[in-house]
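Listed in order, the protein sequences are those of chains R and H. Note that the numbering used here has the first sequence beginning at 1, numbered continuously upward. Note that the numbering used here has the second sequence beginning at 1, numbered continuously upward.
FYI, nobody ran anything at the bench for these hints, they're computed from the structure. Treat the hints with care, as some may be off.
One-sided excerpt, in silico: chain H residues whose CB lies under 7 Å from chain R [what the hints assert, rightly or not]: (1) 21; (2) 198; (3) 483; (4) 579; (5) 580; (6) 670.
In the BS3-like style, the derived pairs of lysine-lysine whose C-alpha atoms are separated by at most 27 Å in a straight line are [to be verified]: (7) R:151 / H:663; (8) H:712 / R:151; (9) R:151 / H:11; (10) R:89 / H:420; (11) H:712 / R:89; (12) R:115 / R:81; (13) R:89 / H:22; (14) R:15 / H:22.
Pairwise CB distance ranges, derived in the manner of DEER restraints [what the hints assert, rightly or not]: (15) H:410 / R:152: 33 to 41 Å; (16) H:707 / R:67: 25 to 33 Å; (17) R:72 / H:772: 33 to 41 Å; (18) R:6 / H:271: 39 to 47 Å.
Note that CB positions come from ideal geometry on N, CA and C, so glycine has one too.
Each chain, written out:
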Amino acid sequence: MKREIKFTLNGDPVKIEVMPNEKLLDVLRDRLGVKSPKHGCGRGECGACTVLLNGKSIRSCITLAIEVDGQEITTLEGLEKNGMTELQKSFLQHNSFQCGFCAPGMTLTATELLKKNPHPDEEEIREAIAGNLCRCTGYKNIIDAIVDVSKKG
Amino acid sequence: MEYKYIGKDAKRPSAVERITGKAIFVDDIRLPGMLYAKILYPKYAHAKILSIDTSEAEKMPGVVKVVTGKNIKHPFGDCLHDRLPMAVDKVRYIGEPVAAVIADTERHARAALSKIKVEYEPLPVYTDALDAMKKDAVLIHEHSEKYFYVTPLYKPTPGTNIAITYEIKKGDVKKGFKEADVVVEDEFNFHHMSSVAIEPHATIALHHLDGTVEIWTANVGPFAVREQVAEFFGKNISDVRVHIPHIGGCFGYKSDPGIEPLVAYIASFVPGRPVKLRLTRKEDFTSTFIGRGIRARVKVGATKDGKLTALEETLYLSTGAYADTGSNILIVAVQTSGGVYYFPNAHVKGYSVYTNTPPVGALRAYGHPEAEFAIERIMDMLARKLDMSPIELRKKNYITDGKTNVVGEKFKKSDGDLFKCTESVLEAIPPKVEVKEDENYLYGVGYAGLIKAPKAATFASKGCHIKFNVDGTVSLNMAGGDVGQGLWTVARQIAAEALKMPPEKIKVYNEIDTQYSPWEWQTVGSMFTFQGGNAIIRAANKAIDALKRNASLVLKRDPDMLEYDGEYVYDRSYPDVKVAVKDICRGYVTEDGTTIGEVVDVTSYFRLPGVQGPDPETGMGRTGGSYTMGFQGCKVKIDKRTGKVYIDHFATSIDVGKVIFPKGAEAQVLGGVLMGIGETLMEEVRFKENGEIANPDLIRYKLPRIEDLPGKQTVKFIETPDAVGPFGARGLGEHPMIGVAPAILNAIYDAIGYDFKEVPVTQDMVKKVLEEKGLTVKDKEE
Numbered sequence: 001m002k003r004e005i006k007f008t009l010n011g012d013p014v015k016i017e018v019m020p021n022e023k024l025l026d027v028l029r030d031r032l033g034v035k036s037p038k039h040g041c042g043r044g045e046c047g048a049c050t051v052l053l054n055g056k057s058i059r060s061c062i063t064l065a066i067e068v069d070g071q072e073i074t075t076l077e078g079l080e081k082n083g084m085t086e087l088q089k090s091f092l093q094h095n096s097f098q099c100g101f102c103a104p105g106m107t108l109t110a111t112e113l114l115k116k117n118p119h120p121d122e123e124e125i126r127e128a129i130a131g132n133l134c135r136c137t138g139y140k141n142i143i144d145a146i147v148d149v150s151k152k153g
Numbered sequence: 001m002e003y004k005y006i007g008k009d010a011k012r013p014s015a016v017e018r019i020t021g022k023a024i025f026v027d028d029i030r031l032p033g034m035l036y037a038k039i040l041y042p043k044y045a046h047a048k049i050l051s052i053d054t055s056e057a058e059k060m061p062g063v064v065k066v067v068t069g070k071n072i073k074h075p076f077g078d079c080l081h082d083r084l085p086m087a088v089d090k091v092r093y094i095g096e097p098v099a100a101v102i103a104d105t106e107r108h109a110r111a112a113l114s115k116i117k118v119e120y121e122p123l124p125v126y127t128d129a130l131d132a133m134k135k136d137a138v139l140i141h142e143h144s145e146k147y148f149y150v151t152p153l154y155k156p157t158p159g160t161n162i163a164i165t166y167e168i169k170k171g172d173v174k175k176g177f178k179e180a181d182v183v184v185e186d187e188f189n190f191h192h193m194s195s196v197a198i199e200p201h202a203t204i205a206l207h208h209l210d211g212t213v214e215i216w217t218a219n220v221g222p223f224a225v226r227e228q229v230a231e232f233f234g235k236n237i238s239d240v241r242v243h244i245p246h247i248g249g250c251f252g253y254k255s256d257p258g259i260e261p262l263v264a265y266i267a268s269f270v271p272g273r274p275v276k277l278r279l280t281r282k283e284d285f286t287s288t289f290i291g292r293g294i295r296a297r298v299k300v301g302a303t304k305d306g307k308l309t310a311l312e313e314t315l316y317l318s319t320g321a322y323a324d325t326g327s328n329i330l331i332v333a334v335q336t337s338g339g340v341y342y343f344p345n346a347h348v349k350g351y352s353v354y355t356n357t358p359p360v361g362a363l364r365a366y367g368h369p370e371a372e373f374a375i376e377r378i379m380d381m382l383a384r385k386l387d388m389s390p391i392e393l394r395k396k397n398y399i400t401d402g403k404t405n406v407v408g409e410k411f412k413k414s415d416g417d418l419f420k421c422t423e424s425v426l427e428a429i430p431p432k433v434e435v436k437e438d439e440n441y442l443y444g445v446g447y448a449g450l451i452k453a454p455k456a457a458t459f460a461s462k463g464c465h466i467k468f469n470v471d472g473t474v475s476l477n478m479a480g481g482d483v484g485q486g487l488w489t490v491a492r493q494i495a496a497e498a499l500k501m502p503p504e505k506i507k508v509y510n511e512i513d514t515q516y517s518p519w520e521w522q523t524v525g526s527m528f529t530f531q532g533g534n535a536i537i538r539a540a541n542k543a544i545d546a547l548k549r550n551a552s553l554v555l556k557r558d559p560d561m562l563e564y565d566g567e568y569v570y571d572r573s574y575p576d577v578k579v580a581v582k583d584i585c586r587g588y589v590t591e592d593g594t595t596i597g598e599v600v601d602v603t604s605y606f607r608l609p610g611v612q613g614p615d616p617e618t619g620m621g622r623t624g625g626s627y628t629m630g631f632q633g634c635k636v637k638i639d640k641r642t643g644k645v646y647i648d649h650f651a652t653s654i655d656v657g658k659v660i661f662p663k664g665a666e667a668q669v670l671g672g673v674l675m676g677i678g679e680t681l682m683e684e685v686r687f688k689e690n691g692e693i694a695n696p697d698l699i700r701y702k703l704p705r706i707e708d709l710p711g712k713q714t715v716k717f718i719e720t721p722d723a724v725g726p727f728g729a730r731g732l733g734e735h736p737m738i739g740v741a742p743a744i745l746n747a748i749y750d751a752i753g754y755d756f757k758e759v760p761v762t763q764d765m766v767k768k769v770l771e772e773k774g775l776t777v778k779d780k781e782e
């Protein structure tokens, strides 16, 4: 039943045997020790489990591990290899997170946006992160942090 | 007064861990030999359990143990011991654990659940207090007379589904209504909602082979968890250790012991093996605490010039299957029924009633929003009847200096300035809408006052342990759970101010562990700044005194002749006669090595002074201790086609006494208001007739999203220094949610002339009213 998959995780090759119905989030968190994607709902509704698949944000809680065979997966652990990103610094500056549970998913989604579109307007920012839920902040400071980065560079 | 560190921007301790995804939450913890539990839930919300057959499940792959409730000897709790970690002979709500499978993986545990066979005898289901109170209602707890309660306040009424009854009597309410020229009466309903932190509940429990118990959990009441788990197992409290890693949001439902007693019970069947239970999002809705769920029947009287004369009210809390955690919410709602208004006469009675829903527990602002929703709505109705502006009516009746609330607590100037709060909101949102209607929208404005006290146990206390290090830095150890509200930041700023040293020299410990942390009751009631801040000041003063005593030995001066500036202790008349703090914080090492003086390592505590339990006869008494007041207002626009309510502008002004961490304070309001908008316009835990929850997921249970943000938010703080709070500061965290629902509903009335009396008010409800009133517009035919 198990099947071996190979993929690139944060730049490094990974080879692992998975069950056909095993979720990517569980493989990352429970088997590969990559803890920044969070389990919030298990149904793709909250965005806490967001990771990048070939640079595109996906919900790892509803993605089967076998689907990423041969692909590239990036999590916060990969983006931080040279220290905090500009976006993370801006989130700190703007007090854009409180408990921090949604922050990995939120910043990855914003990372994807800024890569595609380095200078989005506020409407585009709102649209990009509309699927990521945050219960603490009321979103305003999150938008401000992304706007700030979008004005630089 | 000028402060050096408080009221200024500050770095948040542990913020980098959180933003980089490195913060450790419970589900990130993996212990050696760890097993996983999954829970079996009942088919019915109310039923007798006739039999449970676990034999097939036990044979399933990976299964270590199947657990049922049959080993449970007695219920547990805090004020009323009516709770069970797992059903014993009946189930009382749809999310009640009936059995658990412990296995090597979650997958194996889940697979075995379906092999457990349970026979039930279904019973009638009640989800509303009014139904459960009917004379012929079947009892949800047949023997509530057997339950232990800490004081008669928490005594159930056996033979009925009524758990707690609480009543206050102030003045002469009959006389008050006689004096009234106008009387308004109505009923309001605040439906159940859920805290919905993005991190679902998770707990790990381990029974060591020596009989001690260790727990890792997301809960802001680690010492309460420790005490209740110890009592449940008949263990010494000192033999239970609770670790609190980072918490992914709380909002109330992670403050009472929740799933911890359950996981501890399950893990007791596999001594030596840690057992993890992490709830799915669905279980987080069905099997933890829900909040709100209060109906209020209110009657107020006033003279024709708008002076309130009497309040008569009955509140009904549908408290769910177990009443312990909801009992104080009912009591608080009764005590808060008068809101920010002075009533010379009041008679308010409340019932918390067993129903077949998940138990009601804490949810941001704890009884206050429910009660103040009713009073703030009826104030608008009264104003209309008096033909008076709702603002003027409010201002005429504010509890001001020397006046008392409905439980008889006298307010003083230092409790805050409601008039300033009101004025600053009116500046942002003037009480008159210029354009009431255009082609697409109807516009309206509405306002509400707000007030809240911690309403904690009278003995509730917070501790602060300060340890000076030999380089002159300080370690600050407290048990307050920073769930994101920023209390570690506030603690560091207050400590910096009190110890006269830059925050960078102060390290705030970020993991709570009952084995090392100083005792704290629970991090609830928005009282960390107030209590914890004072504990810090006390500990800082104690440490400074010790430093002065040490310096006195070195400098040969009496301690009271010495000054401390954070770096040195020096002679106040000859400042060059000095010794460095770092050289005296572990005593002073003299030239030949002989050491004199004491080690500067101190702990202090603080509780709200003079808080008392209510009088058994009248229900009155100093039950709040410290109040924070404020005012909120909003401008809404309502889409004539769809009925959607847009919040154009929301303004909040709160008299916090003193802002400690400005960015954090503002963030509490921004987040709190949006959560308030959620509970007003979309959030509701909906029950089917059979007690099932109709929307236990984030699609059908609507959480506010970015699109629900107000067009504009104004946040203002008034600073009337508190007489007791640290540097004059008062609590803030929960308050921004309190006035949101009545302000929006008052604004909806202003826009469409319809009084909604329940929340949430959904788009469909508004659309229906627009249609009935002929206010809709149809798109022109092309």
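(request) Enumerate the violated hints, using their earlier numbering and listing them in ascending order. (result) 4, 5, 10, 15, 17
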